[in-house]
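**Q** Protein chains in written order, with my numbering: chain S, 72 to 386; chain F, 72 to 386; chain Y, 72 to 386.
If you are wondering where the hints come from, they were derived from the structure by calculation, not from laboratory data.
Check the hints yourself; a few may be wrong.
Since copy identity is lost for identical chains, a pair holds within one copy or between any two.
Below, simulated BS3-like cross-link-like pairs (lysine-lysine); rule was C-alpha separation at most 25 Å, straight line [unchecked claim]: (1) Lys230 <-> Lys173; (2) Lys191 <-> Lys236; (3) Lys108 <-> Lys264; (4) Lys95 <-> Lys108; (5) Lys155 <-> Lys236; (6) Lys381 <-> Lys108.
None of the values given here were measured: they were computed from a predicted structure.
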Amino acid sequence: MKHFLTLDDITHFQDAVAEAQALKKNPFANENLGRHKTLGMLFFNPSLRTRLSTQKAAQHLGIHTMVMNFSNEAWALEFENGTKMNGLRSEHIKEAAAVVSKYCDMVAIRAFASLNDKVKDEGEEVLNKFAEYASIPVINMESATAHPLQAFADAITIKEHSTKKRPKIVLTWAPHPKALPHAVANSFVRMVKNLEADFVIAQPEGYQLNAAITGNTPLVYNQEEALEGADFVYAKNWCSYTEYGKILRTDDEWMLTSEKMKHTNDAMFMHCLPVRRNIVVADGVLDHPNSLVIEQANNRTYAAQWVLKKLLQNG
Amino acid sequence: MKHFLTLDDITHFQDAVAEAQALKKNPFANENLGRHKTLGMLFFNPSLRTRLSTQKAAQHLGIHTMVMNFSNEAWALEFENGTKMNGLRSEHIKEAAAVVSKYCDMVAIRAFASLNDKVKDEGEEVLNKFAEYASIPVINMESATAHPLQAFADAITIKEHSTKKRPKIVLTWAPHPKALPHAVANSFVRMVKNLEADFVIAQPEGYQLNAAITGNTPLVYNQEEALEGADFVYAKNWCSYTEYGKILRTDDEWMLTSEKMKHTNDAMFMHCLPVRRNIVVADGVLDHPNSLVIEQANNRTYAAQWVLKKLLQNG
Amino acid sequence: MKHFLTLDDITHFQDAVAEAQALKKNPFANENLGRHKTLGMLFFNPSLRTRLSTQKAAQHLGIHTMVMNFSNEAWALEFENGTKMNGLRSEHIKEAAAVVSKYCDMVAIRAFASLNDKVKDEGEEVLNKFAEYASIPVINMESATAHPLQAFADAITIKEHSTKKRPKIVLTWAPHPKALPHAVANSFVRMVKNLEADFVIAQPEGYQLNAAITGNTPLVYNQEEALEGADFVYAKNWCSYTEYGKILRTDDEWMLTSEKMKHTNDAMFMHCLPVRRNIVVADGVLDHPNSLVIEQANNRTYAAQWVLKKLLQNG
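So that you can see chain S by itself, here it is in the shape it has in the complex (with noise of 0.2 Å):
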């Protein structure tokens, strides 16, 4: 593994989901192993979970951090070629990345979407970029269209609640207010067909996530129908992939209730969070003993310290 950019960077998936697992039980097991390393975490967006777990998993592991809210402390970047640099943006990512590369041994960078710019987006500039120019590891914190670490962490979550040998696993979106990226569905989904499930995606027409990605996952356009016996019901909004970055609808028929979640299997119930409560679902599925959500926040941390260890180790 050279980079952790999206989940194809991790070779033996179900093993790496295991390791992860025994990094829980005994997560300071290796606390010399970065003995004299550091890792820098370069913020381009808000962030609470990635921040303190990469954060703690480094701790886990002896690495020591340098955070930077990159936006608002450093230089505006630039990421085209050739350009005359005479706008706002005063510093190259060609420079940025070969520096930060002199300081750390590896670094983490989140970039969201702007979803404004769908070719940009799907380029990954920022995340990309740094891995072009860096001479050290580069991990993904959630870019334009990956969020990795999550789906590393929700199949940890999943292994360790799953009690069939073939669950049956529903993504369905859910409403929301503001315009959000695709991100940690395109994740999610690449992550689930590593695991043994029966898994469908449920989403209002209009909704549909890009089909390179779905490839042959059912897509169901009725929320109750495609939440029939599920084990794990994992509820995310992303706006419009098709008329890209829109807000199609913003009535609460698709809000994740206890009641829609009678047609489950007595689901599991997951989010990435952060989660806008009787928006995107209902308090009393949030507050229900079948939700793992905070588990899900807790298992951030060992799969950063799995992706840190395997990136010292190889280093």
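Since chain S is already given, all that's left is putting chains F and Y on it; use the hints.
**A** Coordinates of chains F and Y only, in the frame set by chain S:
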């Protein structure tokens, strides 16, 4: 001690002051106590002394710290239960507190009073909801109505400089161009009740503090009369409590001056800082050898260290 | 060395460069020197290289760091003595510096020039008042008129790449859309005076640096003439010093290009970064193997480490 929310969480206050003095003599004596432990520090407001002294205290105990400016680095929090979260607040305190509890062993929080809603401020929403929903100890780094770490440090400072069995201590209101919270004054009043002291509060009409806190402490409306024979003078501005959040006067009649200090028994001068020179207090008083303000700030480290140590040992 | 405010605080400069090179070879050789010590890093302006390289240097020495973006995380500072502080500034430098001295063993400060008040900028108010009121060593992380850590790193870089006993070094002004301070250029000029070198400064009319700093250094008004036979070319923009803070021209005649570099003796290219590509310098020069900009950034770590080590050993 489960949390450190107010001074009442310290059961044997005099012992605590003595123990904090012992920590000051040998700050690194317990430097392995916090091994593998993490303190989250969440700021909803600016901070200099609290930020640095609490980090320093953690360092003395070998505790790892993760500092967040919550307002701009994370997600805006919702505190009400049962609301439809369709506004600007994207994460509920229930999730935020539970999630932080997974990454940290203790969490310290700074959240000032709004000064526009007395009932809400006195409900101590931010601090109390963190304490309610977190599964780890919560530490008050100044809340809407209390600043117990400051008052604890003030007690250490008074003990260090007291030459009498029963000194006279005066808390005097002083002018300020902005509406300031009552937190420091409230906690100072509560703290002094644990000391053997003659204590009076001086303030102009309209600036009486919450009577539930001042109790039977003599209130004096003439500053010079109050200062008569004082051994310690603590100056502090606060806005009106009865006309909640209002500034009733901006003249400098109540500014503490060297002239006024002549009424005292060569009193020591105290203030929590930051202080506006020549508005709250004249240069001559602040720059006088009897000023204890820097030592108060220094003692913030040992007050915080006592609290962290106690919470670690309980845990 | 009591403080590190300018290059003059290094008494034996050539020795310092050699010692920094030794630190670079074995960065963790003194990793216990900073045990129990704390460095405060206070930023009044953005920073990438300085922020990370100074933290990295501290890590090499085992020094604990506390980083603050002073402008938005703490209180606005008053620097004037005797004023009535009834405006926006709520803390005086006297208290801030004294208080920070209680929590830290050293404090590093970044505070750029205003560029609208020459007298004030040359008074180095922020840096000098910190040095005046702090009881701990103060380190300049770029002040209004000097950036000695950069110049120190530049000296290391020149020494590493110099093949001649007496190289020709050219500092050339270059265009920029914004008014930039003179700090980097000033410190570079001062530093080169410690080297055995033929040194010339090239700039258009109106862009002469402070004559008190340039002294008898030859000033050349024709860039190509200045570049003739150069071994090192350092490009840097600065605004007008005589018409203080003004931008006198924005054309690209003085941009450094590959064509112009042909006049040199296959010169090494240097710049402190961040750099605006194709405005200050053309892509071809920056991306050429002779560009030392990333190694200059790398050497910032060892410049900072030398300073921190020296201050620790004095203390």
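**Q** None of the hints should be skipped; say for each whether it holds.
**A** How the hints compare with the structure:
Taking identical chains as interchangeable, the C-alpha atoms of Lys230 and Lys173 lie at most 25 Å apart only when they sit on different chains, with a minimum of 19 Å there against 39 Å within one chain. In the homo-oligomer, the alpha carbons of Lys191 and Lys236 never lie at most 25 Å apart, since the shortest distance is 40 Å inside one protomer and 51 Å across protomers. Taking identical chains as interchangeable, the C-alpha atoms of Lys108 and Lys264 are never at most 25 Å apart, the minima being 34 Å within one chain and 37 Å between chains. Proximity of Lys95 to Lys108 under the C-alpha cut-off of 25 Å is found in both arrangements, the shortest distances being 21 Å within a copy and 15 Å between copies.
In this assembly of identical chains, Lys155 and Lys236 lie within 25 Å of each other by CA distance neither inside one copy nor across copies; the values are 58 Å within and 37 Å between. Proximity of Lys381 and Lys108 under a CA criterion of 25 Å is satisfied in both settings, with 14 Å inside one chain copy and 24 Å between copies.
The structure is inconsistent with the numbered hints 2, 3, 5, although it conforms to all the rest.
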